[in-house]
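Letter by letter, the chains look like this.
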Amino acid sequence: MTRHRADPLNPRVSFAECPARERIKLLFDEDSFSEWITPSQRVMSPHLAQLGVPSSFDDGVAIGEARLDGHTVFVAAQEGEFIGGGVGEVHGAKMVGLFKRGLRDRPAAVVLLAESGGVRLHEANAGLIAVSEVMRALLDARAAGIPVIVLIGGANGCFGGMGIVARCADHVVMSDIGRLAMSGPEVIEASHGVEEFDSRDRALVWRTTGGKHRYLLGDCDQLVDDDVQAFRAAAIAALAKGRPFSLAALEEEHALLARRLAAANGCDAIDLWQAIGIAQAAAVPDMNATQVRALRPPDEIVR
Amino acid sequence: MSVPMGIETLDYEFPGRRPAGHFAPVLVGVVGSGNLEAMLEPAPTSTCRFAVQTSARGFGAIWKAVLRDFQEHHSLAGVTVSINDMGATPAVVSLRLAQAAAEIE
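The listed protein sequences derive, respectively, from chains L and Z. Each residue of the first sequence is one higher than the last, beginning at 1 in our numbering. Each residue of the second sequence is one higher than the last, beginning at 1 in our numbering.
Chain L with its partners taken away, still in its complex shape (with noise of 0.2 Å):
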């Protein structure tokens, strides 16, 4: 099957609206990804069918080998409509193999096409363990020298453990209605009153935890259109933009967060991108996401 690229016939992919296994088909070189633990492999999950709620035959995640302008890299893609995307043992092992088969092979990069809720809370303790695992297969990824890029732009967001996740990359990749965060709104709404975070309120959420809001604090390194093309130029981009990974790092990286914590006070996100010098702050929640970009030279976060 062959699929529009950079065909003026065919307007943009969305990719919030790909399923996973379609982003890796469009956004990596064609036909070039090979799957480890295929459906047909039935590796599943061993508590879904216990409680009564259907399994998947990969678990929401694709895992395997694919090119990307060429460079082989390894790639996983969570299934967002499976579960919300949520990480069980299987789908979080699968992940934790993929790390760990690239130490072996030395991929020029992971890529983590994420899309989850954070764990599956179904599988409780294990699915907590998943997560831990999967952080800590990436980090000795990274530690090896080999770069993960993850990249954000499912409708369910990326939050819980795999917003920790993403964060311990070297390149987060957003497009603006993308989201990324470690408490969803309802979760914070349910926990400290609807007063402190009206979860229905869909401006708030979106400048609060969305792809404009984490590209101006530098949560996140490059923002993109909802374009499936548009998370490939940027994957590509991030191939040769490692972070340095040491103590001084994530001691600088602390110390960030400390001056944000002081200048943020309790306000919302207008009022935090003025402290931190954005112009015309107010606009940015009409704004798109070329001129978002304009507000906020690429490699570089504000101090």
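To be clear, the hints were calculated from the coordinates, so they are not data collected in a lab. Note that the structure is predicted; figures quoted are calculated from it, not measured. Do not rely on the hints blindly, as some may be mistaken.
[Unchecked claim] Residues from chain Z shown here face chain L by an in silico Cβ test under 10 Å; the list is partial: (1) 30; (2) 33; (3) 53; (4) 82.
[What the hints assert, rightly or not] Using C-beta positions, here's what the derived DEER-type ranges look like: (5) Z:24 to L:145: 29 to 37 Å; (6) L:140 to Z:60: 45 to 53 Å; (7) Z:45 to L:43: 21 to 29 Å; (8) L:51 to Z:44: 31 to 39 Å; (9) Z:98 to L:262: 27 to 35 Å; (10) Z:45 to L:246: 58 to 66 Å; (11) L:246 to Z:44: 55 to 63 Å; (12) Z:11 to L:250: 50 to 58 Å.
Every residue, glycine too, gets a C-beta built ideally from N, C-alpha and C.
With the hints as your guide, set chain Z onto chain L.
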């Protein structure tokens, strides 16, 4: 009426006239609300077998009618269709099966 908890497993087998031969397994759809995934694999039989796991219990008669209708159109032989369902409507089931059949035809 009390409906027991859990997944219902359904199995159907229909004769077919068109052997599919060897093909790489095909997976379509996603196990999401109102959706399903269907995987087609080659099998050493002269029939088309359907193995359904569904969260919506008690719809066996409708499944049988929808799958028989599919098989009347496609008459596949030597194929196993494995389905994980999360409450897909009959129309969605038919569309997914047609999508999968198109990939091996």
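Status of each hint after checking the structure:
1. 30: holds (4 Å)
2. 33: holds (8 Å)
3. 53: Holds: closest Cβ of chain L sits about 6 Å from residue 53 of chain Z, inside 10 Å.
4. 82: holds (7 Å)
5. Z:24 to L:145: 29 to 37 Å: holds (35 Å)
6. L:140 to Z:60: 45 to 53 Å: holds (49 Å)
7. Z:45 to L:43: 21 to 29 Å: Hint holds: Cβ distance 25 Å, inside 21 to 29 Å.
8. L:51 to Z:44: 31 to 39 Å: holds (34 Å)
9. Z:98 to L:262: 27 to 35 Å: Given range 27 to 35 Å: violated, Cβ gap about 59 Å.
10. Z:45 to L:246: 58 to 66 Å: Since the Cβ atoms of residue 45 of chain Z and residue 246 of chain L sit about 60 Å apart, the hinted range of 58 to 66 Å holds.
11. L:246 to Z:44: 55 to 63 Å: holds (57 Å)
12. Z:11 to L:250: 50 to 58 Å: With a Cβ separation near 55 Å, residue 11 of chain Z and residue 250 of chain L satisfy 50 to 58 Å, so the hint holds.
This entry does not satisfy hint 9, going by the numbered hints stated previously; all others are met.
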